[in-house]
Amino acid sequence: MRCIAALLLLLVFVADHAYPEPRPLPLANVYQKGVNLADYWVSEKLDGVRAYWDGEKLWSRGGHVYKAPRWFTGDFPTHPLDGELWLGRGRFAELSGIVRTARPDEANWRKIAFHVFDIPVTDTPFFERYEKLERLVRASESDYLRLVEQTPISSHEALVVELNRVVAAGGEGLMLKRKACLYLAGRSDDLLKVKTFQDAEAVVVEHIEGQGKYEGLLGSLLVELPDGRRFRIGSGFSDEERANPPQPGQQITFKHHGYTATGLPRFASFLRVRRDEPEAASPQ
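Count the sequence shown with mature numbering (1 follows the signal peptide of the UniProt record, and there is no 0) and you get residues -18 to -1, 1 to 266, in order.
Hints in this document: simulated from the structure, not taken from any laboratory. Glycine is no exception: its CB is placed at the ideal position from the N, C-alpha and C atoms. It is possible that some hints are incorrect.
What the hints assert, rightly or not - Computed list of lysine-lysine pairs in DSS-like fashion (alpha-carbon distance at most 27 Å, straight line):
| # | residue 1 | residue 2 |
| --- | --- | --- |
| 1 | 114 | 161 |
| 2 | 93 | 195 |
| 3 | 49 | 39 |
| 4 | 15 | 93 |
| 5 | 195 | 15 |
| 6 | 177 | 195 |
| 7 | 27 | 161 |
| 8 | 39 | 177 |
| 9 | 15 | 39 |
| 10 | 177 | 15 |
| 11 | 237 | 177 |
| 12 | 39 | 114 |
| 13 | 161 | 195 |
| 14 | 49 | 15 |
| 15 | 15 | 161 |
| 16 | 27 | 175 |
| 17 | 175 | 237 |
| 18 | 27 | 15 |
| 19 | 161 | 93 |
| 20 | 195 | 27 |
| 21 | 27 | 49 |
| 22 | 237 | 27 |
| 23 | 195 | 175 |
| 24 | 237 | 15 |
| 25 | 195 | 114 |
What the hints assert, rightly or not - Computed Cβ-Cβ distance ranges for the label pairs, DEER-style:
| # | residue 1 | residue 2 | range |
| --- | --- | --- | --- |
| 26 | 183 | 162 | 40 to 50 Å |
| 27 | 123 | 87 | 31 to 41 Å |
| 28 | 246 | 124 | 22 to 32 Å |
| 29 | 79 | 38 | 23 to 33 Å |
| 30 | 194 | 123 | 51 to 61 Å |
| 31 | 37 | 167 | 53 to 63 Å |
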């Protein structure tokens, strides 16, 4: 009997501490001139944290639950929603620090809103999903639920004008969503990001000490891409980040301007440590 009881306790522990599974979400490719823009709507690209509302909880891309206060989600619809937790332009680091904590700071959460841009329904084109999304947000009494507005765009030139306007105001860029697309997981041209630069993610492998004015500080990071290839990033760091650089194993976001002939990012520079998974959390 003791063995059975111990086994049951072990099974409960394993279930409670199971490794999270990433949420199967649609992801964006990069916009290239020549795309038929008549097929798309445009919206601002929010520099926030991707979140999935399943009708009861807010989930991260990595499969963790964000510990939002009950009042934050209390008036959300029971229908699943896809969107981003957002604090405002240029405030990703502050946002990340708020939403990742296991014990929510209620005063800080009151500054955040869940900006929704899609409904996870697989057999309905986006223009119909968006109409339903509008109705759901309009019917909700929540002060913390917002609709990401989608608008037509007439030409590449008009897209560039809008991009420059958003960037000048402190925004990150634009998103293009194919009006007729279905809700399918993975990267595709159904969703395109439009930015003045490209960005990507890599894992820190090693610190390379600096020279000259950076002696004793970080000179560059040796990082590894998802395909296993490695390269160095030596720019984009503040003095504070050079003194306290991202640690090996951490994931970072970097910006670049296309690729070299060998396929490595060109003119790569550090943007930030990618922290958007909740701390000490597990699926519930």
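Hints and how they fare:
With a C-alpha separation of about 14 Å, the suggested pair residue 114 and residue 161 falls inside the 27 Å cut-off, and the hint holds. Between residue 93 and residue 195 the alpha-carbon distance is near 40 Å, which puts this suggested pair outside the 27 Å criterion. With a C-alpha separation of about 9 Å, the suggested pairing of residue 49 with residue 39 holds against the 27 Å cut-off. Distance hint between residue 15 and residue 93 is unfulfilled; the C-alpha atoms sit about 37 Å from each other, more than 27 Å.
Our distance criterion of 27 Å between C-alpha atoms is broken by residue 195 and residue 15, whose separation comes to about 41 Å. Restraint check for residue 177 and residue 195: not satisfied, since their Cα atoms lie roughly 33 Å apart, outside the 27 Å limit. For the hint linking residue 27 to residue 161, the alpha-carbon distance of about 17 Å falls within 27 Å, and the restraint holds. A threshold of 27 Å between alpha carbons decides the hint, and for residue 39 with residue 177 the separation of about 31 Å lies outside it, so the pair is violated.
Simply put, residue 15 and residue 39 have alpha-carbon atoms about 39 Å apart, too far for the 27 Å limit, and the pair is violated. As the CA atoms of residue 177 and residue 15 are separated by approximately 12 Å, the hinted pair is consistent with the 27 Å bound. Straight-line distance between C-alpha atoms of residue 237 and residue 177 comes to about 10 Å, which keeps the hinted pair within the 27 Å bound. With a C-alpha separation of about 20 Å, the suggested pairing of residue 39 with residue 114 holds against the 27 Å cut-off.
Note on residue 161 and residue 195: the hinted pairing is violated, with a Cα-Cα distance of about 52 Å set against a maximum of 27 Å. Distance check on the hinted pair: residue 49 and residue 15 sit about 41 Å apart at the alpha-carbon level, beyond 27 Å; violated. Only pairs whose Cα atoms come within 27 Å are accepted, and residue 15 paired with residue 161 is accepted, the gap being roughly 18 Å. For the hint pairing residue 27 with residue 175, the CA-to-CA distance comes to about 7 Å; that is within 27 Å, so the pair holds.
Note on residue 175 and residue 237: the hinted pairing holds, with a Cα-Cα distance of about 13 Å set against a maximum of 27 Å. The suggested pairing of residue 27 with residue 15 holds, with an alpha-carbon distance near 18 Å, which does not exceed 27 Å. Straight-line distance between C-alpha atoms of residue 161 and residue 93 comes to about 31 Å, which puts the hinted pair past the 27 Å bound. A threshold of 27 Å between alpha carbons decides the hint, and for residue 195 with residue 27 the separation of about 37 Å lies outside it, so the pair is violated.
With a CA separation close to 24 Å, the supplied pair residue 27 and residue 49 stays within the 27 Å bound. Annotation: proposed proximity of residue 237 to residue 27 holds, straight-line Cα distance about 15 Å (limit 27 Å). A hinted pair counts as satisfied when its Cα atoms are at most 27 Å apart, and residue 195 with residue 175 does not qualify at roughly 37 Å. With a C-alpha separation of about 20 Å, the suggested pairing of residue 237 with residue 15 holds against the 27 Å cut-off.
Between residue 195 and residue 114, the direct Cα distance comes to roughly 57 Å. Violation of the 27 Å bound is thereby established for this hinted pair. For the pair residue 183 and residue 162, the supplied restraint of 40 to 50 Å is violated, since their beta-carbon distance comes to about 29 Å. For the pair residue 123 and residue 87, the beta carbons lie near 24 Å from each other, so the given range of 31 to 41 Å is not met. One distance hint, 22 to 32 Å for the beta-carbon pair residue 246 and residue 124, is violated here, with the actual separation near 45 Å.
The beta-carbon spacing between residue 79 and residue 38, approximately 25 Å, falls within the hinted interval of 23 to 33 Å. A hinted range of 51 to 61 Å for the beta carbons of residue 194 and residue 123 is consistent with their spacing of about 59 Å. For the pair residue 37 and residue 167, the supplied restraint of 53 to 63 Å is violated, since their beta-carbon distance comes to about 19 Å.
Checked against the numbered hints above, the structure violates hints 2, 4, 5, 6, 8, 9, 13, 14, 19, 20, 23, 25, 26, 27, 28, 31; every other hint is satisfied.
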